[in-house]
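A.B. asks: Heads up: the protein sequence lines correspond to chains Z and U, in order. What the first sequence shows, in this note's numbering, is residues 1 to 116, in sequence order. What the second sequence shows, in this note's numbering, is residues 1 to 425, in sequence order.
Quick caveat, the hints were computed from the structure, so don't treat them as lab data. Just so it is clear, the structure is predicted and the values come from calculations on it, not from any experiment. Just so you know, not all the hints are guaranteed correct.
[Claimed, not checked] Residues from chain Z shown here face chain U by an in silico Cβ test under 7 angstroms; the list is partial: (1) GLY12; (2) GLY16; (3) PHE28; (4) ALA36; (5) SER42; (6) HIS49; (7) ASN52; (8) ARG53; (9) PHE54; (10) HIS55.
[As the list claims (entries may be wrong)] Every beta carbon over 12 angstroms from chain Z, so not counted as near; a handful from chain U, in silico: (11) GLY21; (12) PRO79; (13) VAL98; (14) THR147; (15) TYR149; (16) GLY191; (17) SER208; (18) PRO210; (19) ARG216; (20) GLY256; (21) HIS271; (22) ILE349; (23) ALA394.
Don't be surprised by glycine CBs; every beta carbon is placed ideally from N, CA and C.
Chain by chain, the residues:
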Amino acid sequence: MYTTALLYALAGLLFGLALLALGRVLRFGVITTEPARQPFESGMDPQVHAWNRFHVRYLNYTLIFLLFDMEMVYMYPWAVVFLDVGWKAFMEMGMFITILLLGILYTWREGAFRWD
Amino acid sequence: MHRARHFAFGRPRAFPVVGLGGVEPWRELLLHRQLSLGRGPRDADLLVLSGEIPTDWGNTLRALFETMALPRLVLYVAPGADTDPLPGLPPGYTASSVEGIDWTLLWERLLDSQGPSARALLADQPPTPWRGRGDHGQGGEGMMGGTPYGRPMAMTMEDPDQLALDDVPTALGPHFPGLPSGLYLGLRLQGDRVRQCEGVENRFPSQSPPPGSGHREPALRARAREAVPVADLEQARLRSHLGWLADLLDLCDRPGLAMRLREARKDLDSHALRRLLDRAESRQLYYQTRNIGVISSAQARQWRLAGPVARASGLKLDTRNHDPAYRELGFQPVVERGGDVWSRCRVRIRECYQSLDLLDRAGDAHTRAPEGARGSFLDTAGGGLDTPSARNLAALQPGLAGLEWHEAVLFVGSLDLDTEEAAWR
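Excised from the complex, chain Z in its bound form:
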């Protein structure tokens, strides 16, 4: 059994190495001089260093994730007991969805669903 696993691992390794070797043989070479590694700025020299801080604005993604994730987290156990508890469970889920809906409307206003 271990021999088969070892053979599979070896075959996988060889296949990977073969692909790397094929890429190396087929590629056209690389120019690694300083001007060739310049960041693209339409042919102009960059004025400042490439390290800079910018805001990724994850807030909107986080909000969308939380809203839909929390909905699912609560809905699964709720679906299990819904028939036993009845109308009370229905009202509770209604309130919960309403609160989440307000969150979705807020996120919408913040431009999270905008087409970039």
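Starting from the known structure of chain Z, fit chain U onto it as the hints suggest.
C.D. replies: Just chain U now, kept in the frame of chain Z:
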């Protein structure tokens, strides 16, 4: 080996640089489907120089070509071209027309791993030397306010959300995909937001309209008091608007429809065009372009904007409105009130329908209205030429501030700037 490489390579990607009279050859080249559009120089295999390239673009083009990954080649397409375009660029493939390109030979030169394009073009020196400098060999003094690796760090500044973000001076153009060729924008970027546009330059040399411009833009002949067939003026407008719409659809990630519009603008078949225009004026385009780059009617008047850009902001500026031939045809200028990118799309799409209608009814009517596709050609106080593209450039600096980058590209695209025309005097 060569055949294996040929097989593995696929379709070459192009990075276009459009020079004088180069717009049409480039569009024709795109239609040939032998190449596709690259996303930037590192992604591209062909540096396509279309039209006559101004000699002072040499330094930026050399720097650009050097950043292209191998294999790479300069493809130069210009009427009457028989030599290599610029000193300093390696010899590539030169053709006087797109039909004259021998694609097999071009492929051979592109995939030649021993050719002149496969060697480094510029000396192996950093543009800003830094090795071994500073206390720790980091290339300078400190981090914030210092110059690590030979370049200063960007300083912070508050953004509209009161966050202290780096304010990065960025030069875009004169060769940037998505911007008109020759247009240089000096921007201050905070992440993907344009904080400020510090400078706008048109890198095309100032000159009088070259011979043959009146054929491409009949409104120039009308400005010289020549009676021009209405059909000529409207065909030129239709072709220009369709070319612009195809470029904008490319920006909006709809390359299939863009290509069909480019094909349809060759023979201007009314039925096919109406169908394509109907597809282009979609809800998707509306959601991608609404509320972006809003120009109010007061701003349009203050900045002296012209043509469809002004009409999309509610101004009824159209010299055809006062022309007897057009009045007889029942002409009414197309006006929208929104002033955003979507309104500018709507104005041009509605003007395409209008031009198709006018072409049906124009017969041999002649006009002296100097209203081109981008607006009216006027006389300056000194008797020179005042082009609509030159006037519309005024919207860039104030209009770009505060836009996110994808909005900024759409905003610039929606102005339909012909940088070559903007340099006519």
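A.B. asks: Hint by hint, say whether it matches the structure.
C.D. replies: Comparing the hints with the structure gives:
no.: 1; hint: GLY12; verdict: 23 angstroms, violated
no.: 2; hint: GLY16; verdict: 18 angstroms, violated
no.: 3; hint: PHE28; verdict: 4 angstroms, holds
no.: 4; hint: ALA36; verdict: 5 angstroms, holds
no.: 5; hint: SER42; verdict: 5 angstroms, holds
no.: 6; hint: HIS49; verdict: 4 angstroms, holds
no.: 7; hint: ASN52; verdict: 4 angstroms, holds
no.: 8; hint: ARG53; verdict: 5 angstroms, holds
no.: 9; hint: PHE54; verdict: 3 angstroms, holds
no.: 10; hint: HIS55; verdict: 5 angstroms, holds
no.: 11; hint: GLY21; verdict: 21 angstroms, holds
no.: 12; hint: PRO79; verdict: 25 angstroms, holds
no.: 13; hint: VAL98; verdict: 25 angstroms, holds
no.: 14; hint: THR147; verdict: 8 angstroms, violated
no.: 15; hint: TYR149; verdict: 6 angstroms, violated
no.: 16; hint: GLY191; verdict: 3 angstroms, violated
no.: 17; hint: SER208; verdict: 28 angstroms, holds
no.: 18; hint: PRO210; verdict: 25 angstroms, holds
no.: 19; hint: ARG216; verdict: 27 angstroms, holds
no.: 20; hint: GLY256; verdict: 18 angstroms, holds
no.: 21; hint: HIS271; verdict: 31 angstroms, holds
no.: 22; hint: ILE349; verdict: 19 angstroms, holds
no.: 23; hint: ALA394; verdict: 22 angstroms, holds
Against the hints set out earlier in the document, violations occur for numbers 1, 2, 14, 15 and 16.
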